[in-house]
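Colleague: Residue numbers (the working numbering): 688 to 1081.
Don't read these hints as lab results, they were simulated from the structure. None of these values were measured; they are calculated from a predicted model. In this text, a Cβ means the ideal position worked out from N, Cα and C, and glycines have one as well. Please note that the accuracy of each hint is not assured.
To be verified - List time: in silico EDC-like cross-link candidates among lysine to aspartate or glutamate, alpha-carbon distance up to 20 Å:
hint: 1; residue 1: K1011; residue 2: D879
hint: 2; residue 1: K751; residue 2: E1006
hint: 3; residue 1: K885; residue 2: E957
hint: 4; residue 1: K751; residue 2: E737
Claimed, not checked - Beta-carbon label-pair distances, calculated as ranges:
hint: 5; residue 1: D879; residue 2: E734; range: 35 to 41 Å
hint: 6; residue 1: L951; residue 2: N714; range: 45 to 51 Å
hint: 7; residue 1: E734; residue 2: D875; range: 40 to 46 Å
hint: 8; residue 1: L938; residue 2: R862; range: 19 to 25 Å
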Amino acid sequence: MTDERSADDLWLDAMEARQMGETTTFNLLREKTLAANPEHPDALMSEVRELFRETGPKGDRPTKMSLADAAIGLRKCRTVLEIDPERDEAWVIGGRLLVDELGMFEEALSWWDDRRMVEPTEVIPLVEQIAILTEFGEYAEAADRIDIIFADKDMESPDPRSMMRLRNLSEQIKRAAGKDNDFFQPQDPDNDGWIRIKAFSGRKPTTETYWLFFFVMPLIWIEAILINRIMPATGFSTMILGFLIIFASFLLGSRWVKSQVHKLNRPAHELTRAINAELTSGLVCIPESMRETKLYSTLRERRAIAAMNRHDKIVENGEKMSRKWKLSIPEWNEFEAISDDEGVIDEIVETVSEVVEDLSLGSMTSAVDTAVEGAEDIVEKFTDSIKEKLVDPD
688 MTDERSADDL
698 WLDAMEARQM
708 GETTTFNLLR
718 EKTLAANPEH
728 PDALMSEVRE
738 LFRETGPKGD
748 RPTKMSLADA
758 AIGLRKCRTV
768 LEIDPERDEA
778 WVIGGRLLVD
788 ELGMFEEALS
798 WWDDRRMVEP
808 TEVIPLVEQI
818 AILTEFGEYA
828 EAADRIDIIF
838 ADKDMESPDP
848 RSMMRLRNLS
858 EQIKRAAGKD
868 NDFFQPQDPD
878 NDGWIRIKAF
888 SGRKPTTETY
898 WLFFFVMPLI
908 WIEAILINRI
918 MPATGFSTMI
928 LGFLIIFASF
938 LLGSRWVKSQ
948 VHKLNRPAHE
958 LTRAINAELT
968 SGLVCIPESM
978 RETKLYSTLR
988 ERRAIAAMNR
998 HDKIVENGEK
1008 MSRKWKLSIP
1018 EWNEFEAISD
1028 DEGVIDEIVE
1038 TVSEVVEDLS
1048 LGSMTSAVDT
1058 AVEGAEDIVE
1068 KFTDSIKEKL
1078 VDPD
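Using the sequences plus the hints, can you model the full thing?
Modeller: What follows is the structure, given as structure tokens:
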């Protein structure tokens, strides 16, 4: 017997089955939902979330999804956004698929700019763009995007996670600015970065944890023992002083470790940039001899399977990258505040004046009717203004 229920009814049954832990029934009902409506947004997003079942959509580890699954997931996100452009989850997962799973950084820049057309005051799209621009050495563009976040009073305040990312990216931009043109350009085979990469190609990247555990912590222990022997145990104040000395030593040691690890891992960061350049351009710039090294293999092992499958196809194609290659930056969408739209402002002023006039005459009903009609006209003018800017940003 054919199930003639609507897609929404089927999906409600699927949700009930999931809440009851009936996974098989849920999957069957989800299939029926999509059979009834192939563009059902909730069912599509449910399938997309399952692509990340190894880590979850916010996981930091590489996922196990294939290249085909990543492409299908991105297509489903696009389908959902065509139906519901304000679906935040589809924007976030689609952006992650483009960057982490597919390595399509140029597409990701446009993706997040399209998101800004829906939510111009949201910070996350700008943070994602800044991260991509910084990764490819476009520090001036990245700094301009940071200025938008903090200079525009209409922008949302960054959440703690975004603020931490912005702080780290700002430090990276400042370091690059202090080195003038001493940043790695993988498209140039004569760049000094290739010499550094070759020199360190036989080892794996190091970590701050390793240095803290094997270098800083032993020194802290020695310091603690010396303090215990040198400083007499005369009271609580002596214990506090000893604690402050050890804590200060740990902070200084942590800062030193961070700088040392950054220097030691610079070749790894530069080779990562070269891999990302190959992924986003579809061209090759890494010497063949470098692809057999431990550093190259280690970096690839840490990346998503889908991205590395795509990278293999690019390497196999073997089309060389030009020395003049540069990250393709889209023409950013520009946004104006509502207060800049004179037509909308005039309509608001006129409506308020008419409402005040009706109230002064003692006609509350007329004032309410005027306010409602005025609000409808304001919304219509504001919508027309947005449509004009979408069609012709200039």
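Colleague: Which hint numbers does the structure go against, in order from smallest to largest?
Modeller: 2 and 5
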